[in-house]
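S.K.: Sequence:
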Amino acid sequence: MKKRVLLIALIINSIISFSQPIIEFEKNYGGSFEELRTSFIRSLDGGYVFTCRSASNDIDVSGNNGAGDYWVVKLSDSFDIEWQNSYGGSAWETPYNIIQTSDGGYIISGRSSSNDGDVTGNHGLSDIWVLKLDSGGNIEWQNSYGGSNSEHGGKVISTLDGGYVILSDTYSNDGDVSLNHGGSDVWIIKIDNLGVIEWEKSYGGSDHEEAAFILQTNDGGFIFASETKSNDEDITINNGVSDYWVVKINSVGLIEWEKSYGGTETDIPKDITQTIDGGYLVTGFSDSVDGDVSFNYGNRDAWVVKVDSFGSIEWEKSYGGSENDYILFANQETDNSFLFSGSSYSNDGNLTENNGERDSWIFKTTVEGEIIWQKSFGGSGNEESHKALINEDGSIVTLGESNSNDGDVSLNYGDFDVWLVQFSENLNINDNSLLDFLIYPNPTNETVTIKAENLKEITIYNILGKKVYFKELSGESTVNIDVSHLAKGAYTVVISTSNQQEVKKLLIN
1 MKKRVLLIAL IINSIISFSQ PIIEFEKNYG GSFEELRTSF IRSLDGGYVF TCRSASNDID
61 VSGNNGAGDY WVVKLSDSFD IEWQNSYGGS AWETPYNIIQ TSDGGYIISG RSSSNDGDVT
121 GNHGLSDIWV LKLDSGGNIE WQNSYGGSNS EHGGKVISTL DGGYVILSDT YSNDGDVSLN
181 HGGSDVWIIK IDNLGVIEWE KSYGGSDHEE AAFILQTNDG GFIFASETKS NDEDITINNG
241 VSDYWVVKIN SVGLIEWEKS YGGTETDIPK DITQTIDGGY LVTGFSDSVD GDVSFNYGNR
301 DAWVVKVDSF GSIEWEKSYG GSENDYILFA NQETDNSFLF SGSSYSNDGN LTENNGERDS
361 WIFKTTVEGE IIWQKSFGGS GNEESHKALI NEDGSIVTLG ESNSNDGDVS LNYGDFDVWL
421 VQFSENLNIN DNSLLDFLIY PNPTNETVTI KAENLKEITI YNILGKKVYF KELSGESTVN
481 IDVSHLAKGA YTVVISTSNQ QEVKKLLIN
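All letters in the sequence shown, in the order written, are residues 1 to 509 by the numbering used here.
None of these hints come from the bench; they were simulated from the model. Possibly wrong hints are sitting among the right ones.
[Stated by the list, open to error] With beta-carbon atoms standing in for the labels, derived distance ranges:
{"no.": "1", "residue 1": "S90", "residue 2": "I59", "range": "19 to 29 Å"}
{"no.": "2", "residue 1": "G136", "residue 2": "E476", "range": "55 to 65 Å"}
{"no.": "3", "residue 1": "S410", "residue 2": "D45", "range": "37 to 47 Å"}
{"no.": "4", "residue 1": "I255", "residue 2": "S158", "range": "14 to 24 Å"}
[Said to hold, decoys possible] Pairs of lysine to aspartate or glutamate, DMTMM-like flavour, derived with a Cα cap of 25 Å:
{"no.": "5", "residue 1": "K456", "residue 2": "E370"}
{"no.": "6", "residue 1": "K317", "residue 2": "D292"}
{"no.": "7", "residue 1": "K451", "residue 2": "D406"}
{"no.": "8", "residue 1": "K132", "residue 2": "D60"}
{"no.": "9", "residue 1": "K306", "residue 2": "D234"}
{"no.": "10", "residue 1": "K248", "residue 2": "E333"}
{"no.": "11", "residue 1": "K471", "residue 2": "E333"}
{"no.": "12", "residue 1": "K132", "residue 2": "D192"}
{"no.": "13", "residue 1": "K132", "residue 2": "D118"}
{"no.": "14", "residue 1": "K201", "residue 2": "D219"}
No experiment lies behind these values; they were computed from the predicted model shown. Heads up, the beta-carbon is just placed ideally off N, CA and C, and yes, glycines get one too.
Can you make the complete structure from the sequences, with help from the hints?
M.R.: Rendered as structure tokens:
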């Protein structure tokens, strides 16, 4: 009897902890004006570096050159500012990403409309502006790339030969840009380690293309993801308003294959990552519920497409609720699971809470895309998580932006700030950190699947510790349980196998 009372007490405590705050640390960085468009990396010394566009010149920010600058901040491993600098001219600069270079310095790529201050060589309107810093934030070189019209974006990656590739958009057909297919094209620039152009190419059709991200592949070529609204020139198929467009090119930019994914509405990719099996994961958001998109929770969903090494779809899934939901970043972890970050306005479907307008949102899935856990966090205003990193100790650090001053956000300096959040290894939200025991989808309102080796018993308890489901088993590895008759709320699932027992949390919505 005592054992039963103890088990019920543990279950109730487990369910209660399910709703407790799980943030270990959070901090804002910025000034009294806006800080937006963050990019975030782990540095070689164990700290962190981020860049964003800042219009401030007070509090954490100094040296503003006018309008918005590249603001680069080096953090220690305990998130204290070690140094910060503003870079730019009298007009607007917007960085899109930062990488660390082999010499310990940094490359930042984005766009600039200036031709003074730190910026030289502007070709007209906005250019791609690439800035090389040493490890202490001192400028080693900078270059502007573009034509007489506008260049947008500007995502930089390092290449196997020691140079760099920049992915961007262009409306130009002169200057550094040798070709434009019409409207906005994807534009790729290959530069050496001093910023000298080695080759450049434009990709697209007669309508609009907007680049998302690029990777170098093991064969020395590259693969990039872009939005496309075209159905001609380099694009062979368009499914609707706009598609995910994925293009594999060789080491000198020649197209090897290209594919479009989507439905009849708007589908926009934001990231592409290579998976352990040699394929790719393309992530973004979708308004569609037809074509390649099999399901939509409502309005705009986060949409993930897993393809093989030749671009054939292996699986696709939508995530979200009845409002707008977005994925901005994805990464495959060492346990094969996927970690996603973005934002959400929803409070249903896959989402269990919403703190205000738009929340930061992170979630983890199995290799097949089934949700393991998810968490939305923020205040009564607007938050967005641009990237999530897993540290060696299992903690998760996210960086994005926030204009709240309540809820999970303890401080706001004015307008949007950079917002950093660290979570413990055990998120306490649909916690399936041991992938030997899987329970998904979670949350659910219909059927839950439980996977483990040599299952013997499954018991489900409600928040009062009352047993609402029990089943004896004989060594199965997968069990599907109908939970549609259970009331909305938090439950605890006790999973017993031939040699161990695991307690999991389940949400029914």
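S.K.: All hints are to be evaluated individually against the structure, with a verdict given for each.
M.R.: Comparing the hints with the structure gives:
Under the hint 19 to 29 Å, the C-beta atoms of S90 and I59, about 22 Å apart, fit the expected range. A hinted range of 55 to 65 Å holds for the C-beta pair G136 and E476, which are about 59 Å apart. In this structure, S410 and D45 break the distance hint of 37 to 47 Å, their C-beta atoms being roughly 27 Å apart. Take I255 and S158: their Cβ atoms lie about 22 Å apart, and the range 14 to 24 Å holds.
At roughly 23 Å between alpha-carbon atoms, K456 and E370 fall within 25 Å of each other, so this suggested pair holds. A C-alpha spacing of about 10 Å is found between K317 and D292, which places the hinted pair at or below 25 Å, so the restraint holds. With a C-alpha separation of about 39 Å, the suggested pair K451 and D406 falls outside the 25 Å cut-off, and the hint is violated. Using a Cα cut-off of 25 Å, the hinted pair K132 and D60 holds, with the two alpha carbons roughly 22 Å apart.
Of the pairs offered as hints, the one joining K306 and D234 holds, with about 22 Å between alpha carbons and a cut-off of 25 Å not exceeded. Between K248 and E333 the alpha-carbon distance is near 24 Å, which keeps this suggested pair within the 25 Å criterion. Restraint check for K471 and E333: the C-alpha separation of about 33 Å exceeds 25 Å, so the hint is violated. A C-alpha spacing of about 12 Å is found between K132 and D192, which places the hinted pair at or below 25 Å, so the restraint holds.
As the CA atoms of K132 and D118 are separated by approximately 12 Å, the hinted pair is consistent with the 25 Å bound. For the suggested pair K201 and D219, the alpha carbons sit about 19 Å apart, so the restraint of at most 25 Å is met.
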